[in-house]
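One letter stands for each residue in the lines below.
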Amino acid sequence: MNINLNKSGISLLNALSNHSELIMQAYFSGSVNESEYSPNIIQSLIDLKVLWRPDSDVQLRLRPSLRTLLGESLQDESNRQIDANIGNLLATLTTQAEHYKEALAHQKYHESQAYLADLTEHVYTLTETLATNVRLLWSRISNEFGYVSSVDSKIRENELAQSQVTDMLNQLSMFHFDVLSQLAGSNRELRHLLVITLQSAFATSAQELSLVQSKLLELLGRFREFKGRTRLLKGFMLHMEQKPDFIPVNYSAQTQVPNLFNRADRIIKGAAPDVHNMEQEFELTSLVDNLRSVNRWWQTNANRAVANPLVIEEESSVSLEEDLLKDAVENYFCEVIDSGKNTRALDYYTKHNLDFDQEVWIYQVLGAFQGLPDSERQYFDIDLEGIPHQTYTGNFIIQDIELGLR
Amino acid sequence: MITEQGRVLELLLSGQFVCTTIDEDAFRYLQSSANRELVEQQLNVLNRHLSSAADGEVYFCSYQSIGDAERKILATQFNDISSHLLPLIEWLLLVQEAMGTDIPLTQGTLIRLQELQTVVEDTPAYAEQLGKISRYAMFGSKANELDSQLKLIFKRLVELGYLVRPNMDKQIYCATGKIDYLFDVLKFIDETENLSLAERADDSISQSSLI
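Going down the list, the protein sequences come from chains A and B.
Counting from 0, one number per residue, gives the positions in the first sequence under numbering that gives the first Met the number 0.
Counting from 0, one number per residue, gives the positions in the second sequence under numbering that gives the first Met the number 0.
Looking at chain B on its own, in the form it has when it is part of the complex (with noise of 0.2 Å):
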């Protein structure tokens, strides 16, 4: 029998952002630090440690010492990351406006896509943006109807973690923690270029209500 530590660990080695959405009973396992130094010593055997971001809301698993190796994988993550960044980033302002409620999307916020799709659908401009979203190397789809576009980019996002999907026969979609870690990379990159991102959106809008 599998224990609840074995549990976590297959989570962790298996590439998983552990949070509350994905699996309650790990992450809330991941929360006492007695277990989190268990779970840190077995780590240690493969060469990795134990990560948290967003604000502990996220557990993942690093690498312990840097070789030549890890720094290749790291490398091309990093690529696959810094490629996916835009992409992610229109899709989460669209689905933020399209859904109306100005609340950036979270670990644990419930989209129904049957909402979102009436939504885009009715407004020409969302769907153009969809569209342009939809042909990024990112979703790489072909298609020209709206519907295919938007099934095509969930199905990727829950692919690549950023979505689950509670129930298969239910058109419904939940934020999982990798958004809060999205998030994150963000503010990371704006803190070290220095593109004080907050600022210019700031200067944008009032200069809009200038005009």
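Excised from the complex, chain A in its bound form (with noise of 0.2 Å):
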């Protein structure tokens, strides 16, 4: 590994992510406003060979490399460029073949790993040429050309396409297997690179170009029509505007009717019963005595409304006992203001016999108080009895309460 295009490479990638806007900016419109930023910047970016300035007089504008790399990473529509420069890849495949068949001749194994990796390498960008030239041309047809609106630039886009087809079909044919295999000879490696990951390649593209073709070819002819029709309105408005007067010969009346014209009357009119004429009335009721309700299957495939069932339920009790102790809490407190003495919680309880628990009791009469309004608090007046716990200082074990009046 080279020390110094490594540190190259790197501050590259990060020049380009430090300046990402003023790059997909560049991008988009396709120069760069060199007035909105710093000239530092500018002059960095094109010492990295990321922008360009073409002619003296005209703005920068993105390398071309570059502008490819992000068309094709971004799957962008209107990249419509194809590099089809297969020959050459081929001449190249083929001369490293050479160097790494002599490196092995030579029992140079180090080099002849170094060539395997090149040659592997560039194996692959011609498989990946391959498919995105023809991911590129499908992602056009997809959506008709809709990056250029008019029926006519459509019309043009697509002979630009069916050439480009064209030259990549005349490309693939400058694939000659039995060279390749004979070049591969019986080395493994090679013939794995050379014969079958090129020949699969080779066999999808060919036949997703062939695909691509005929697929141009039905659109070209769906935009010849689109063509064909407008011009066809146009021109009978133009022919109306010229003969306002303009009437077509009745082809009904002629011997042979055009089946165009050729239309039957609906049989099947929509009718309604005049319920007000008398004289029909009879038959009227007798039509509708007959009526009769008829199943059709997708009336019975329909979800009916369906009544559940009713059902009686005995109201649960358990309200019932928590209104026993309310009551009971009540009670108690009515008593407090009709004697107007302090009463003890405990001993209301014992006077009354109440069959609760103790200390649920207790905590009733405290809830009462607390949840009375403030208005009706006031009124009365709470003293907790009880204890400190042994062992716990700050907890307070409340053993009775006692109730009075303010």
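Some clues are possibly wrong.
[Claimed, not checked] Restricting the straight-line Cα-Cα distance to at most 30 Å, the calculated cross-link-like pairs of lysine-lysine (DSSO-like) are: (1) Lys131/B / Lys186/B; (2) Lys214/A / Lys186/B; (3) Lys141/B / Lys131/B; (4) Lys268/A / Lys71/B; (5) Lys268/A / Lys169/B; (6) Lys214/A / Lys150/B; (7) Lys154/B / Lys233/A; (8) Lys154/B / Lys226/A; (9) Lys150/B / Lys226/A; (10) Lys141/B / Lys233/A; (11) Lys150/B / Lys131/B; (12) Lys154/B / Lys141/B; (13) Lys268/A / Lys150/B; (14) Lys131/B / Lys226/A; (15) Lys350/A / Lys325/A; (16) Lys214/A / Lys233/A; (17) Lys154/B / Lys186/B; (18) Lys186/B / Lys150/B; (19) Lys131/B / Lys233/A; (20) Lys169/B / Lys242/A; (21) Lys268/A / Lys154/B; (22) Lys141/B / Lys242/A; (23) Lys141/B / Lys169/B; (24) Lys186/B / Lys169/B; (25) Lys214/A / Lys226/A; (26) Lys186/B / Lys71/B; (27) Lys226/A / Lys186/B; (28) Lys186/B / Lys242/A; (29) Lys242/A / Lys131/B; (30) Lys150/B / Lys233/A; (31) Lys71/B / Lys154/B; (32) Lys154/B / Lys169/B.
No wet-lab data here; the hints were simulated from the structure.
Reconstruct the complex from the two isolated chains, following the hints.
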């Protein structure tokens, strides 16, 4: 690994990420507005060969290679450049395969490994190029050249794409697998790269391209049809402007009526009975008598509203018990008010032989007191009796409550 | 229970143009030649036979033999269609230009009334054209507001079967096969009367570019 190359590569990538906004602006608008950025940044990007100036009085632009990279990675629809220099790549492959074989023959294994790595890289580049080109063509077909609006420009785009397909097919014919397999000889790695990998890529793209070609022709036909129709409409308008009294010959009067104008009148028409006609009353009532409900299959399929069976359940008695407790507490409060004496909760409890749990009782009294509205609570006073916990300070165990009037 | 064949017959006999937009199942049923023969036999009983237009995209029902009564009906029909021709063509051009797609309407094209209305409202030339179209006898609008003119035109086109409105809650319309039939009619008139409409359109374009 070349350390210098590595370092400058990283600094280039960093520069790209630091100035990503500038680069994307340049990608979309085509050029860089130099007044918006500091000259230092611009100069460093020029030095890194990200931007370039095609002519001295022209604005800065993105380098084509960077533009291609962005177009391909973003799958931008407007990207319609197809790189089909397959012949060149194939020649490189042949040369490198020769290098590799020579290195093997001289038993320079290290060198041969480097050549093989290079060769692999190139083979994959080639297959990737083929796949990308086909994908590009398909993406343009699938949105019907949506990036241009008029039908005429769509037709031109279609013609461009067709010429590109022809180009690619010509380039594909440069694959001579007999030569490649001879070159690979008996070497397993070479055979795998040059014959198997390339052949499968070749087969897929050739097949796809023939599909693309037929689809393009179909689209072209459709565009022409659109154009023909538009011309027909416009032509008719012009004709009517020149001859406003134009009326086509009545074709229905000819002995042989053209099929297009032979349209049968409807037999089934919308109808409604006249219920106010007394003469028809008898027929109508007999018809109504004979009406049957017909079960159509789609009606049976429809979900009918089903009434839920009415189930009578006994009310649960839980709330009643709660009410008992509440009532008792209320009575206790009332007694305090009536007697006007301070009364202990537990005294009241034993006096009335209540059968709740003592703790629940006290808790409920406390709860009822806290639950009173402020205006009512101020008439009562409450005293808590109890002892602090023996071990844990700060805990107070309530044993009884004394309630009185203020 | 009504069979698929019965349903198709009903559609045809009620004067519908059967296409994929109007009834996809019926259209697919008619695409098989065996089914077509069955339907044809049934129609023959009623002095009718199955016809198709627009490269087999639309099926409709015609008379098998034409007597005086049939000829009368055909004559009124023809009068209708020839009087509808100009308003419809002006409308088609307006929609095509206003939607900015440069693609003529064809079966299945969706028209969003809201979008069309916005464009027409913003462009005085289109608004004027729309007013002119709406006053043809075919639409017979007396309204001055663009909104009601447009709604009336679309309502009338749905009545005449050129458009359908798939969802009654939405102002989205879909062109039917009858539009393609209309193009066929236009093509036929162009050919039989030697109007050479397409050449005329081309000439006007090249002349305007000369100016």
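Quick rundown of the hints versus the structure:
1. Lys131/B / Lys186/B: holds, 25 Å
2. Lys214/A / Lys186/B: holds, 26 Å
3. Lys141/B / Lys131/B: holds, 11 Å
4. Lys268/A / Lys71/B: holds, 18 Å
5. Lys268/A / Lys169/B: holds, 28 Å
6. Lys214/A / Lys150/B: violated, 39 Å
7. Lys154/B / Lys233/A: holds, 25 Å
8. Lys154/B / Lys226/A: holds, 28 Å
9. Lys150/B / Lys226/A: Roughly 29 Å between the alpha carbons, so the hint for lysine 150/B and lysine 226/A holds.
10. Lys141/B / Lys233/A: With Cα atoms ~27 Å apart, lysine 141/B and lysine 233/A stay inside 30 Å; holds.
11. Lys150/B / Lys131/B: The hint holds at about 14 Å.
12. Lys154/B / Lys141/B: Answer holds: lysine 154/B to lysine 141/B is near 15 Å, not above 30 Å.
13. Lys268/A / Lys150/B: Holds - the C-alpha atoms of lysine 150/B and lysine 268/A are around 26 Å apart, at most 30 Å.
14. Lys131/B / Lys226/A: holds, 25 Å
15. Lys350/A / Lys325/A: holds, 17 Å
16. Lys214/A / Lys233/A: Holds: lysine 214/A and lysine 233/A sit about 29 Å apart, inside 30 Å.
17. Lys154/B / Lys186/B: Holds - the C-alpha atoms of lysine 186/B and lysine 154/B are around 26 Å apart, at most 30 Å.
18. Lys186/B / Lys150/B: holds, 29 Å
19. Lys131/B / Lys233/A: holds, 17 Å
20. Lys169/B / Lys242/A: Violated: lysine 169/B and lysine 242/A sit about 40 Å apart, past 30 Å.
21. Lys268/A / Lys154/B: Holds: lysine 268/A and lysine 154/B sit about 20 Å apart, inside 30 Å.
22. Lys141/B / Lys242/A: holds, 26 Å
23. Lys141/B / Lys169/B: holds, 25 Å
24. Lys186/B / Lys169/B: The hint is violated at about 33 Å.
25. Lys214/A / Lys226/A: holds, 18 Å
26. Lys186/B / Lys71/B: Distance of about 24 Å is within 30 Å: holds.
27. Lys226/A / Lys186/B: holds, 13 Å
28. Lys186/B / Lys242/A: holds, 18 Å
29. Lys242/A / Lys131/B: Status holds; Cα separation ~18 Å.
30. Lys150/B / Lys233/A: Distance ~25 Å between lysine 150/B and lysine 233/A Cα, so the pair holds.
31. Lys71/B / Lys154/B: holds, 28 Å
32. Lys154/B / Lys169/B: Answer holds: lysine 154/B to lysine 169/B is near 13 Å, not above 30 Å.
Violated hints for the displayed structure, listed by number in ascending order: 6, 20, 24.
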